[in-house]
Amino acid sequence: MKSAPVPLFLIEAVAFLMIIGETYFFFGVVVPLGPVPHNLETYTGYAGLKLLLTFGLGVSWFLVMLALTRLYVRTRLRHRTPKPSS
Amino acid sequence: MPPFRSYLIRSGRVVDDVHKRPVTKVPTPGGPVVALGAVVGELAVFLLTGSLVPVAVGSAAAIAFAVGIYDDLKVLGGLTKPLLLVLAGVPLVLLYLVQPTLYNPVLTFPFLGDTAPHLTIYTILALAAFPIVANAFNMMDSFNGQISWFSLLVSLAVLFGVSLRTWYAGNAAPAQVASVLPLVGISLGFLVFNRYPSRVFDGDSGSLTFGAMFAALAVTCGVEIAAIVAIVPAILNSFYTLTSVRGFVERRKMTARPTYIGEDGRLYATDEPHTPNTLIRLILLDGPLDERQLVNSLLSLTVFACILSATISFMTWVL
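Quick mapping for you: the protein sequence lines, in order, are chains A and B.
Per numbering that gives the first Met the number 0, the first sequence starts with residue 0, numbered consecutively.
Per numbering that gives the first Met the number 0, the second sequence starts with residue 0, numbered consecutively.
Watch out, some of these pointers could steer you wrong.
[Stated by the list, open to error] Which chain B residues face chain A? A few, computed with CB under 10 angstroms, are given here:
1) Val13
2) Val14
3) Val17
4) Pro109
5) Val191
6) Tyr195
7) Val228
8) Leu235
9) Ile282
10) Gly286
11) Leu293
12) Leu298
Just so you know, the hints here were simulated from the structure itself, not pulled from any lab data.
Note that the Cβ used here is the ideal one computed from N, Cα and C, for glycine as well.
Just chain A, same shape as in the assembly:
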């Protein structure tokens, strides 16, 4: 059976670890953040912090995956030999 290139397994493993870690952080830390006080300003502050942390989790996964993929693509293209035209 033809296997995929090893770096893709590594990218997959990083994606897996980040999904597990970030999901736990989201449900274990971000969602229960509080308790929500009866003060509107503090309430808004907590809500804003939750949104910021959620956005941060998404962006960090996005950036890490993008960086790893770009590194992989750049490395592969550098080592490629000329191929038949399409």
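Place chain B on chain A using the hints.
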């Protein structure tokens, strides 16, 4: 499937298998048979167990099929399809109102245990999961046997997780294990006709049905983490495509192709800078492959993800 395949050929519903040299004609869509198998299977589980889990899974399959068959016949917009697929999760939420044990709004992690229950957030994420997962399955449907192998492997990973949860942790019912079996069965049955060289393609009606069933099973069986891990290759594939084309674009409307077929009949990665970076292209950057080698290569990533998923399930429910 054979009578329906003959009907598709007779009615001229065939498409080019563009990855073959010379190009061959393949009947499509085989989705109606896939969806029929899913609904009948889940109905049988419901009649045997009386549980609402197969009702939620079967309803999700039926709605996703309806969206898919419309897309096969008329072609939906890039953004319309994901929005309509949210409807596949609606029966799940409605059934939860009838039976509040249908799903548990917590996630269970290895060693760390359960998170606190968060019904609103969990339900919103569960609804969002249907278009995300169904589209991820749809994007894994490009080559002979790719979607059927993928669906079979990830459904086996979920079956393993649900079985462990039932027998070791004791907080799942045998009905939940039984609800996974129709997905395993239709994936295996469809593989017979879809493997290389394909005798039928499933179309969007088939791939969306597979995806919606998988999402519904992950939620109702309480194995969300194991399910997400199993489909990491599909998540990455969607991520690559969406970031490359910068948004939801119907794949038939993509102008730049990520791969092409060389004169030797093998598949090559395109060198153009603005080409969508699909998972297939990333594999082919390592060198050209024929279609069978490419699908095997992709499946090796799925097998790896399923092993990680099984490890997570073992660590969560046994240790």
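Hint check:
1. Val13: 25 angstroms, violated
2. Val14: At about 21 angstroms, which exceeds the 10 angstroms cut-off, the nearest Cβ of chain A leaves the hint on B:Val14 violated.
3. Val17: 12 angstroms, violated
4. Pro109: Nearest chain A Cβ about 8 angstroms off; hint holds.
5. Val191: 19 angstroms, violated
6. Tyr195: 13 angstroms, violated
7. Val228: 6 angstroms, holds
8. Leu235: 6 angstroms, holds
9. Ile282: With Cβ-Cβ at 6 angstroms, under 10 angstroms, it holds.
10. Gly286: 9 angstroms, holds
11. Leu293: 8 angstroms, holds
12. Leu298: Since the shortest Cβ distance to chain A is 8 angstroms, the answer is holds.
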